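Student: Sequence:
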Amino acid sequence: MFKVDKDITNPLLDVTFDGIRILNGDLVSAKPNVLITLKDENKFLALNDTAAFTVYLKYPGQSTSKRIIL
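With numbering that gives the first Met the number 0 applied, the sequence shown covers 0 to 69.
Just so you know, the hints here were simulated from the structure itself, not pulled from any lab data. Owing to the predicted nature of the structure, the values given are computational and were not obtained by experimental measurement. Fair warning: there could be bad hints in the mix.
Derived Cβ-Cβ restraints for the label pairs, each shown as a range [what the hints assert, rightly or not]:
#	residue 1	residue 2	range
1	N47	M0	30 to 36 Å
2	T49	G18	16 to 22 Å
3	V54	I19	15 to 21 Å
4	F52	G24	22 to 28 Å
5	A50	L26	48 to 54 Å
6	F52	M0	32 to 38 Å
With a straight-line cut-off of 30 Å between C-alpha atoms, the simulated DSSO-like cross-links for lysine-lysine are [claimed, not checked]:
#	residue 1	residue 2
7	K30	K42
8	K30	K5
9	K38	K5
10	K2	K30
11	K2	K57
12	K2	K65
13	K65	K30
14	K57	K5
Here a beta-carbon is modelled for each residue, glycine too, at the ideal position from N, C-alpha and C.
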């Protein structure tokens with residue numbers, strides 16, 4: 000018999016633009032390096048597959064978002 004403990008810690012999603020965490024309305028460079036990382040303490044959860052992510056960007060003055068292919 001084995002015991003399964005429930006996951007009590009949420010995963011951490013971190014997004015940086017040129018190495019900086021931005022706030023809503025902050026300006027970024029015209030061609031920033033965007034780094035998205037997801038961390039979870041569950042060692043059995045594989046987080047290295049980009050198919051698990053869907054990323055959309057909304058440009059200033061636009062009402063619709065554009066999907067970014069990873």
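Student: Hint by hint, say whether it matches the structure.
Tutor: Status of each hint after checking the structure:
{"no.": "1", "hint": "N47 - M0: 30 to 36 Å", "result": "holds, 31 Å"}
{"no.": "2", "hint": "T49 - G18: 16 to 22 Å", "result": "holds, 20 Å"}
{"no.": "3", "hint": "V54 - I19: 15 to 21 Å", "result": "holds, 18 Å"}
{"no.": "4", "hint": "F52 - G24: 22 to 28 Å", "result": "holds, 24 Å"}
{"no.": "5", "hint": "A50 - L26: 48 to 54 Å", "result": "violated, 31 Å"}
{"no.": "6", "hint": "F52 - M0: 32 to 38 Å", "result": "holds, 36 Å"}
{"no.": "7", "hint": "K30 - K42", "result": "violated, 34 Å"}
{"no.": "8", "hint": "K30 - K5", "result": "violated, 41 Å"}
{"no.": "9", "hint": "K38 - K5", "result": "holds, 17 Å"}
{"no.": "10", "hint": "K2 - K30", "result": "violated, 49 Å"}
{"no.": "11", "hint": "K2 - K57", "result": "violated, 45 Å"}
{"no.": "12", "hint": "K2 - K65", "result": "violated, 44 Å"}
{"no.": "13", "hint": "K65 - K30", "result": "holds, 16 Å"}
{"no.": "14", "hint": "K57 - K5", "result": "violated, 36 Å"}
When each numbered hint is compared with the structure, violations occur for hints 5, 7, 8, 10, 11, 12 and 14.
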